[in-house]
Each structure stands twice: as structure tokens, then as C-alpha cells.
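Use the sequences and the hints to build the structure in full.
Residue numbers (the numbering used here), protein chains in the order written: chain R, 1 to 124; chain D, 1001 to 1203; chain S, 2001 to 2259.
Hints listed in this document are in silico derivations from the structure and should not be mistaken for laboratory results.
No experiment lies behind these values; they were computed from the predicted model shown.
Cβ coordinates follow ideal geometry from the N, Cα and C atoms, glycine included.
Among these hints, one or two may not hold up.
[To be verified] Interface residues of chain D toward chain S, partial, derived using beta-carbon atoms under 7 Å: (1) Arg-1090; (2) Ala-1099; (3) Arg-1103; (4) Asp-1168; (5) Tyr-1169; (6) Gly-1193; (7) Ala-1202.
[What the hints assert, rightly or not] Sample of chain S residues with no beta-carbon within 12 Å of chain D, all distances over it, derived: (8) Glu-2003; (9) Thr-2047; (10) Asp-2053; (11) Leu-2064.
[Said to hold, decoys possible] With a Cα cut of at most 27 Å, we get these calculated DSS-like pairs of lysine-lysine: (12) R:Lys-13 <-> S:Lys-2124; (13) R:Lys-13 <-> S:Lys-2164; (14) S:Lys-2240 <-> R:Lys-13; (15) S:Lys-2065 <-> S:Lys-2164.
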Amino acid sequence: MSRPLSPHLTWYKPQITSTLSILHRFTGIVLALGAVALSWWVAAVAIGGETYAGTAWLYTSIAGQIVLFGWTLALAFHLSNGIRHLFWDAGIGFDMPTVNRSGIAVLVMTALLTLAVWLIVLLA
Amino acid sequence: MNDKGKNRQDDAPAKASEKTSAVDASSAQKSADDSAVDSHNEAREKQPANDHQDDDAGEDGNEVIKVERTPTSPALLSQLRHSNHYHQARGLGAGRAGAATFRVQRLTAMALIPLAIWFAVSVVRMSTASQAAAAAWLAWPVNAVIMALFIVIALRHAVIGLQIILEDYVHHEGLRAVCVLVVKAIGLLLGVGAVAALIHLAL
Amino acid sequence: MAELRLPKNSRVQEGKHWKHEGDSDNLKTFRIYRYDPARDALPRMDTYSLDLDDCGPMVLDAILKIIDEIDPSIALRRSCREGVCGSCAMNINGTNQLACLCHIDDLGEGPVRLSPLPHLDVIKDLVGDLRRLYAQYESIEPWLKNDQAEPERERLQLPEDRDKVDEDSKCILCFCCATSCPSYWWTGDKFLGPAILLQAHRWLVDSRDDRTGERLDALDDTFKLYRCHTIMNCTSACPKGLNPSKAIADTKRMLARRR
Ligand code: HEM
Ligand code: SF4
Ligand code: SF4
Ligand code: FES
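See below:
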């Protein structure tokens, strides 16, 4: 006899905690894909010629720049939330009010970091 | 409430031994002094006719032999199911690799904080550079070393991270092993390729 | 693969609407998950209207009143009605809580939705199958293991050592935490989950227990312990205000320190 499984994911009220956590995971995957793109870029510089021209064209296209922006955004979030993770691993910041506050701090820091990176890039 | 906690502690060992005996009984049905086995034997003794038919089945094949399946008592079934749960909860024991992986993941994360900030600023800027400029920039030893460190450490960190994600969602053990292997192979390939490219540029 | 969707036999149907007789301006709607293995192929949501004017303040009061006055067939677990037995844990409006400690007024406007603790096999209505959790509890050997000579009376503890187990030992094993944990949903067959890991931690920090190393050995496993990604749904669900994710982080730190 197979019994039904009680409702879970779709019935559970989204928590700030679990939402940020799944974002950490998602951005981790985005960064990993970015690492592939980065390794390719380094290789392309070394190979030069047509290969570099093609890569540069792709990376500097509008779509490429949007993806690059998304990637820095992901990095900023993963970095900020990663630091929050490291504090937790050290046993710091576990009570719920602090958890919620540090979650908001992560979002603010993500926005600031992303802005800072692109300001430096655009001004330089 | 403390009393309650204490009760739980006290009868836990007793419960455990009860359940273990149920497991033993199902695997070694010979030991006659166990209650779980008794119920089986009793049920069999009630049907001597069936046993007899079994014996001469080979001589005349005309007779239709029906051996009724003995229904197992619900109490025994639920006892055995519980011991199954217990058996599964213990699984194959601890893999002893969790803590090591965890440490590498945290150490690489710490190393990546400064590296990632350096990287974000410098490389987004380089993405629009000409090949000559980019090559010159990467050929500068400080840049080359930091870049190599960043790529290798980020790949190490990412491979562990992706392996953890696969362990969460891919439950088929064989498929998971293949996926993890593929991720590791790609990571290794990218790392070796990127470092080789950097050495090539620096020389 | 982890099943993110409910299997076919678990999709919840619209059930019966029980009409309220008589009039009152303090009606509250309760939507309750119903499943009877003897009759139903699929679970459903039944809807009840209850007059809150002569009803106790807690969700448990409301359920018992519905059983008394409208529909006696609803199954649930409860005992103490004051948050110490841990049996009335269920999902209330999307979060896991004890029905006996949950004020109806705190749930705001709109209907109240009750369902069993998430991702368990449903035995009947609001009763989920907890056997795996009990077996996992047993697997961490939650009893004192001491190698020293037995004392005349009880084994004594310094007050500051007792403080270390104080919080963990307030756990009532209601499993609000374990069944709120996404990691436990996907890998609960191997992951011990927050409730059990909190209990494991309770024995790790007990000054009277001499098998700390052995207990840590048994937890050093990618699945048993390290499926916890510090999502913290557990801590926000615990009705006793305990902190399973902190206990888990503490355990991970103990393991990291051994190297
Ligand atoms: C390019 C760089 C990076 C890549 C490709 C990357 C990738 C990943 C991936 C795929 C995961 C697994 C996510 C999961 O388990 O849900 C992960 C986890 C993690 N990352 Fe990164 N990451 C990068 C940079 C960083 C940085 C700069 C930090 C710094 C603080 C960091 C901290 C962490 C931590 C603490 C975890 C573990 C989270 C957990 O236990 O669930 N990562 N990363
Ligand atoms: S902190 Fe760990 S145990 Fe708690 S909900 Fe998150 S993953 Fe589950
Ligand atoms: S830690 Fe809290 S939520 Fe979890 S079982 Fe114990 S009392 Fe319940
Ligand atoms: S009835 Fe005991 S905790 Fe709710």
C-alpha cells in the first residue's frame, strides 16, 4: 500500500532564510559556469589570432556584457553570503533576528559591490 | 520536561536490543526460541497436508498442488518494518570524508574573498581589451600568479560545491558517480588548460 | 532524482464544504488536509466554518471543537495541549508549528490551512509517519556512555557543564524542524536532519559522556551530517526557540577541530 506524501516545497511558506540559501546555490552554479568562460578567455589570449578575436567579439557584444554583469552580480551575492556562511561556521550570528538582519545586509552589500565594480570599470 | 528526557534515555537501550533481535530472527529463521520465528513454525504445523503433497509431486504430475501462503501476523510485520527503518538509519556507517571536504570548501572560500575582489575589478576591465593588451597584462608575473591562483582555487571550490549539489538531487548512485566524475574531469581540464596558457603567456 | 513535485497519489483534491448552521459574525474558515487509507485514493482539503465566539484561543482548540461539533472523523495527535509533549506538530498556514501553542488570532485574516508535517507518508489526515525519524534518533544512541566506575548515586556535573546541555535537552522531539528542512525533504533517507543532529550534539557536549570521539566518528559523513547547508528553516520553525542549525554548526566545528 502506498501512502500519499504530505505536501512540502510548494506549501511551505517561503522563508528569507531558505530563499537566500537557494540563491547562494544558484549563484554558485552561475559562478562555476563563469569559471569555464574565464578559463576559456585565458586560453584564447594565449592562442591569439582568430580565436581571440571571436572570443572578444562574443564577450564584448551586448549579450556578452549583460551576461558579464549578471556574473558580477552573482559573484557579489555569493561573496557576501559566503562571508555570512563563514561567520555561521565560526558559530557567530545564529539567533533569528541576527539571521534576518544579516540576510538584508547581504542584499545591500551585493548591490553596493556590483555598483562599485562597474563604476571602477566604467570610470577607468 | 527533564523527567521526560530522562525516561527516553533510560529505555532507549532496552528498545534497541529488542529490535536487534527481530532482525536476527528474520535472517536466521532457525533459532527456535525467538517469538518471531515461533509464529512462522506454528503456521506451518497447521498445514501438514501441504507438506506431504509437496513430497510426491514428482511422481504423479496430475495433482494440482496448492501451497497456501502463510499470512504473516501484522504485529510481526510492523515489528520487522521498524527494525528495517533502524537498519536503514544506520546505513553503511559514516563515510569519514565529510569533515575533510568541509574544511577544503571553507579554506578555499576564505582564499577566494580577496582573490574574487581583485578579479572582478581587473578582469571585467580586461574583457574589452585588445589581444595584445590582454596578453601583456597576463604576462606580468604578479597578474599571472594571482590569476592562476584564482582559477585553480575557484575550480577546486566549485567542484566541491557542484558535487554537493549533485549529492542532494541525484539519488541514483551510479548516475551520481558518473556526474561527479564528469564535473571533476572538467575542473581538472580547465585548470590545467588555464595554467598552461598562463605559463605560455609569461614565457 | 529528488522529486520536487508531489507523486501522483499525493496530489490534493478539493474536498467537502461543511456548511455552518446558525448565524454568527465571528466565523473562521479552516481548511484541513484529509486522507483515510481505507476509503480515499487521493487526499483532499475539507473546509469547515467555526464560530470563534465560544472556542478556545489556540488552533488545537479549534480542531477539537470541529471534531466535537462538526466532523468526528478527523485524526490528529495531541496530548498535553501545552507544548511539552510535541505530538500536535503540524503545518499551519505554511509553517510548522504546535497547534496547541499557535494563537488563532496571530494567523491574521483569511482561512487557516492545516496539513500534516511536510514530506512524510500520511497515515491518516494530520498524522504523518514518524518511524524513520524515531529510528534515526535511535541510531545516534541517545543514552549516556560512561567508562568510569559507577558512582554510589547519580553522576554529578558542574553547574557550568550542565548549562551546556541545557538548551538541547529542552527539545520535545516534535519534528517541526526536521520536516521544515529542504535538505531533509530531498535526502531524509540518509541525512539525519536537524532534530536528530541537535540530539546528537546534546550527547557530544555532555561532560559525563566519555564517547565523544566515537560519536563524532559516526557523524563524519557526507550524508548524515553534511547535507545541512545552514538553510535555517529549522531554527525558524522550532516552537521551543531552540537552535538546531547552531548545534549542527557546532558539531561541524568540533569535527573540523580534530584534524
Ligand atoms: C568564482 C568563484 C566561486 C565559485 C565558482 C563558487 C561556487 C560555489 C558552488 C557551486 C557552491 C555550492 C553551492 C551549494 O552547495 O549550494 C559554493 C558554495 C560555497 N561558496 Fe562558493 N564559489 C565561488 C566563490 C566564493 C567566494 C568568493 C566565497 C567567499 C566567501 C564562497 C563561499 C562559499 C561557501 C561558504 C559555500 C558553502 C555553502 C554551503 O555550505 O552551502 N564562494 N560555491
Ligand atoms: S540549517 Fe541545516 S538542518 Fe536546519 S533547515 Fe537548514 S539544512 Fe536543514
Ligand atoms: S529542535 Fe525544536 S523543532 Fe526540532 S524537534 Fe526539538 S523542539 Fe521540535
Ligand atoms: S499537544 Fe502536546 S505539544 Fe501540542
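Hint-by-hint comparison with the structure:
Among the interface hints, the one on D:Arg-1090 holds; its C-beta lies about 5 Å from the nearest C-beta in chain S, closer than the 7 Å criterion. Checking D:Ala-1099 against chain S: minimum C-beta separation of about 4 Å stays under 7 Å; hint holds. Among the interface hints, the one on D:Arg-1103 holds; its C-beta lies about 5 Å from the nearest C-beta in chain S, closer than the 7 Å criterion. Among the interface hints, the one on D:Asp-1168 holds; its C-beta lies about 6 Å from the nearest C-beta in chain S, closer than the 7 Å criterion.
At its closest, the beta carbon of D:Tyr-1169 sits 5 Å from a beta carbon of chain S; the interface hint therefore holds under the 7 Å criterion. Taking 7 Å as the C-beta cut-off, the interface hint given for D:Gly-1193 is violated, the closest approach to chain S being about 29 Å. Proximity of D:Ala-1202 to chain S is violated relative to the hint, the smallest CB-CB distance being about 35 Å (cut-off 7 Å). With a minimum CB-CB distance of about 9 Å to chain D, S:Glu-2003 fails to clear the 12 Å threshold, and the non-interface call is violated.
For S:Thr-2047, the non-interface assignment is confirmed: its Cβ lies about 34 Å from the closest Cβ of chain D, beyond the 12 Å cut-off. Separation of S:Asp-2053 from chain D is adequate, the least Cβ-Cβ distance of about 34 Å exceeding the 12 Å criterion. Look at S:Leu-2064: its CB is around 23 Å from the nearest CB on chain D, clear of 12 Å, so calling it non-interface holds up. Under the criterion of a C-alpha separation no larger than 27 Å, the hint pairing R:Lys-13 with S:Lys-2124 is consistent with the structure, at around 23 Å.
A C-alpha spacing of about 32 Å is found between R:Lys-13 and S:Lys-2164, which places the hinted pair above 27 Å, so the restraint is violated. For the hint linking S:Lys-2240 to R:Lys-13, the alpha-carbon distance of about 19 Å falls within 27 Å, and the restraint holds. This hinted pair does not check out: S:Lys-2065 and S:Lys-2164 have alpha carbons roughly 41 Å apart, beyond 27 Å.
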